[in-house]
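Please model the complete structure; the sequences and the hints are all you need to start from.
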Amino acid sequence: MMTYAEMEQLLQFNDYESKIFMPNEIFEDLKKNIDNPSHIAFAYSYIYFITWLYRYAKYGMVNELIEQKFIKKILGYNENYKKLDYLIKQNGVLEQIGYIRTEKDFPIAYSYDEIDGLQFQYIDDFKEFRAYIKMLNVPKNYKIKFPVKAFYRDKESEEDYYEDGTFFYVDKTHLVPFEAFIFCMTNDDLGCTGFYLYAFLRCMNQIYDGYRVPLETLEEKTAIKGRTLDKYLDALKKYGSSPFSVISTQS
721 MMTYAEMEQL
731 LQFNDYESKI
741 FMPNEIFEDL
751 KKNIDNPSHI
761 AFAYSYIYFI
771 TWLYRYAKYG
781 MVNELIEQKF
791 IKKILGYNEN
801 YKKLDYLIKQ
811 NGVLEQIGYI
821 RTEKDFPIAY
831 SYDEIDGLQF
841 QYIDDFKEFR
851 AYIKMLNVPK
861 NYKIKFPVKA
871 FYRDKESEED
881 YYEDGTFFYV
891 DKTHLVPFEA
901 FIFCMTNDDL
911 GCTGFYLYAF
921 LRCMNQIYDG
931 YRVPLETLEE
941 KTAIKGRTLD
951 KYLDALKKYG
961 SSPFSVISTQ
971 S
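So the sequence shown is numbered by this note's numbering: it starts at 721 and just counts up by one.
Because the hints were derived from the structure by calculation, they are not lab data.
Not one of these hints is a red herring.
Keeping only pairs whose Cα atoms sit at most 20 Å apart, straight-line, the calculated DMTMM-like set for lysine to aspartate or glutamate is:
id : residue 1 : residue 2
1  : Lys892    : Glu745
2  : Lys752    : Asp874
3  : Lys792    : Glu815
4  : Lys860    : Glu823
5  : Lys875    : Glu815
6  : Lys752    : Glu815
7  : Lys892    : Asp929
8  : Lys739    : Glu728
9  : Lys751    : Asp805
10 : Lys863    : Glu784
11 : Lys854    : Asp825
Have a look at this one:
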């Protein structure tokens, strides 16, 4: 497992790349469509990570090729582990429920100003710069996962080409700093499940300005059961994560 510093270096992370907003409905959407709690946690972490990769145009910055094997490695899984592929493959579960899409074009730079807002520069815009593309060492049939909800919150918005996704509007979203992602992925006792639970509790705290519920309710909301929930709550509390000071453990 990588250290925090090693992952930070690999992903070329800096303090200006911390903010990622996620749609609040993601928790219910994943729970409705995925049965295995650890797979729900993986799916949330996967969507979060590919959203961050896209938002900060990491495809032109990270030295390794960003493909499924690379993403699995970052999320703490063996790169050849196949049991999660049903979620992330083309036409898999996450594509079917409208959270990701397989695409060829991808951003290699971005800009933001108050007039034009967030703008991306895509690899297809640089086709004439053959030397630059060759330097990126992108395979001919390379594809990435497009974070649909970052651009469009529903099918109607996409059909109307109305960009109301989390990159542009933060209504009904929760902010999860990328530092928390790196921290969870570089600690054995947290990983995807710890990150998913952290994000859920952070979301609830942002909505309700505090979140006190029985453990049974937390089990129902997250699909994480019994001793597993206790284990990850204890791990998060151990690291002093602020949202967890307001979680009730009453039965």
